[in-house]
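Protein sequence lines correspond, in order, to chains A and B.
Start counting the first sequence at 2; every next residue gets the next number (the working numbering).
Start counting the second sequence at 14; every next residue gets the next number (the working numbering).
Quick caveat, the hints were computed from the structure, so don't treat them as lab data.
Predicted, not measured: the structure shown is a model, and the values here were computed from it.
Mixed in with the good hints, there may be bad ones.
Okay, derived cross-link-like pairs now, DSS-like style, lysine-lysine, Cα gap no bigger than 25 Å in a straight line [claimed, not checked]:
hint, chain 1, residue 1, chain 2, residue 2
1, B, Lys21, A, Lys76
2, B, Lys24, A, Lys98
3, B, Lys82, A, Lys98
4, B, Lys24, A, Lys52
5, B, Lys21, B, Lys68
6, A, Lys49, B, Lys21
7, B, Lys82, A, Lys34
8, A, Lys49, B, Lys24
9, B, Lys82, A, Lys49
10, B, Lys24, A, Lys34
11, A, Lys135, B, Lys82
12, B, Lys68, A, Lys98
13, A, Lys52, A, Lys34
14, B, Lys21, B, Lys82
15, B, Lys88, A, Lys98
Computed Cβ-Cβ distance ranges for the label pairs, DEER-style [stated by the list, open to error]:
hint, chain 1, residue 1, chain 2, residue 2, range
16, B, Lys78, A, Gly176, 38 to 44 Å
17, A, Glu24, B, Lys24, 44 to 50 Å
18, B, Gly80, A, Gly149, 45 to 51 Å
19, A, Arg104, B, Arg75, 39 to 45 Å
20, A, Asp105, B, Gly80, 33 to 39 Å
Ideal placement from N, C-alpha and C gives every residue a C-beta, glycine not left out.
Listed below, chain by chain, are the residues.
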Amino acid sequence: MELLITKTIQLQDHRVWLNGIIEYVSEEESFDKFIRSVYRHYNIDYPKFFKMDNLCKLAFLSAEILLRGTDILQKYPGEEVAIILENASSSLEYDRKHMESIRDRNNYFPSPSVFVYTIPNIMVAEIAIRHKVKGENAVFILEQFDPGFIDHYVSQLFRSQQVNCCLSGWVECYGDHYQSFLFIVEQEDERKRFKALQEYVIFNILNMEKLFKGKSI
Amino acid sequence: MIEDLILKLRKEIIDQLQVEGIAPEDVDPEAPLFGEEGLGLDSIDVLELVVLLDKNYGIKIRASKDGPKIFYSVKSIAEYIMEHQNQ
């Protein structure tokens, strides 16, 4: 069984790429302004977005734009869709924010809305809640994007017949450094459909590396 | 005066809960804060309001059963503060 990458998205350097093609360029340099401009540009209506931490905002919008225009969520039951992500900084930004709020024992008011984002898995939860995805999900903390790890883990999920679709990739955010690279993995049964569109890429380590670096396959 | 407190609370709630696109003066003091109407706040927001009352007004809410009544609206929160502050 061969697996295919059927769609990709990247958000970095105040740009949005879909399937390797720049689709949106923002004038905004800071992450906060950039991510809000993306939200507005794609006419997304989800007020809870504004309460998320930066990591979740990046993951949520990446998934939102990636899934838009696909029939993934109609084609596969939520139980058959997995979300497997990697990043390097975990939830460090909000970990620090929470730490600051509890540093002074005489002014001890930890914020629940900060604390809730002190695990990186919450970015998967935000995507899963929005799209009713109920399959396997995990976030792995690695020094850098590791396509070998994703290849091994996601392939095993498909082999064990736990899922028929997987949203996977890299979502890293700390301060104004941000980078997301998400892609959809489906089985080769879809080859015929995607071949007609010339829009699929074989799911393997080399192709993930190339796509991550913005190179065409 | 409760009117002054309502004005202050509206700003605090909008700021603390990061409600986007709504100015404090647009919040109806008697409208429900949770659910489909009003500000559409969620369970984490309730906890944030509990902290807000503790931090800004020195009021600790210990009985969770009182929550729905206290946090029904900005006005109900203001009334609760007026009743319990300095007790």
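Going through the hints against the structure:
1. For the given pair, Lys21 of chain B sits about 50 Å from Lys76 of chain A by alpha-carbon distance, which is inconsistent with the 25 Å threshold.
2. Among the hinted pairs, Lys24 of chain B with Lys98 of chain A is consistent with the structure: their alpha-carbon atoms are about 22 Å apart, no more than 25 Å.
3. At most 25 Å may separate the alpha-carbon atoms for a hinted pair to count; Lys82 of chain B and Lys98 of chain A exceed this at roughly 31 Å.
4. At most 25 Å may separate the alpha-carbon atoms for a hinted pair to count; Lys24 of chain B and Lys52 of chain A meet this at roughly 16 Å.
5. With a C-alpha separation of about 14 Å, the suggested pairing of Lys21 of chain B with Lys68 of chain B holds against the 25 Å cut-off.
6. Between Lys49 of chain A and Lys21 of chain B the alpha-carbon distance is near 23 Å, which keeps this suggested pair within the 25 Å criterion.
7. Restraint check: the Cα-Cα separation between Lys82 of chain B and Lys34 of chain A comes to about 38 Å, which exceeds 25 Å; the hinted pair is violated.
8. Note on Lys49 of chain A and Lys24 of chain B: the hinted pairing holds, with a Cα-Cα distance of about 19 Å set against a maximum of 25 Å.
9. A C-alpha spacing of about 24 Å is found between Lys82 of chain B and Lys49 of chain A, which places the hinted pair at or below 25 Å, so the restraint holds.
10. Taking the CA atoms of Lys24 of chain B and Lys34 of chain A, the gap is about 23 Å. The hint holds against a cut of 25 Å.
11. Between Lys135 of chain A and Lys82 of chain B, the direct Cα distance comes to roughly 34 Å. Violation of the 25 Å bound is thereby established for this hinted pair.
12. Restraint check for Lys68 of chain B and Lys98 of chain A: satisfied, since their Cα atoms lie roughly 17 Å apart, inside the 25 Å limit.
13. A threshold of 25 Å between alpha carbons decides the hint, and for Lys52 of chain A with Lys34 of chain A the separation of about 15 Å falls inside it, so the pair holds.
14. With a C-alpha separation of about 20 Å, the suggested pairing of Lys21 of chain B with Lys82 of chain B holds against the 25 Å cut-off.
15. Distance restraint check for Lys88 of chain B and Lys98 of chain A: the Cα-Cα separation of roughly 31 Å exceeds the 25 Å cut-off, and the hinted pair is therefore not satisfied.
16. Distance hint for Lys78 of chain B and Gly176 of chain A: a CB-CB separation of about 42 Å, consistent with the stated range 38 to 44 Å.
17. Between Glu24 of chain A and Lys24 of chain B the CB atoms are about 38 Å apart, so this pair departs from the stated range of 44 to 50 Å.
18. Here the CB-CB span from Gly80 of chain B to Gly149 of chain A is close to 49 Å, well matched to the stated 45 to 51 Å.
19. For the hinted restraint 39 to 45 Å between Arg104 of chain A and Arg75 of chain B, the CB-CB distance of approximately 25 Å leaves it violated.
20. About 27 Å separates the C-beta atoms of Asp105 of chain A and Gly80 of chain B, a value inconsistent with the hinted range of 33 to 39 Å.
Checked against the numbered hints above, the structure violates hints 1, 3, 7, 11, 15, 17, 19, 20; every other hint is satisfied.
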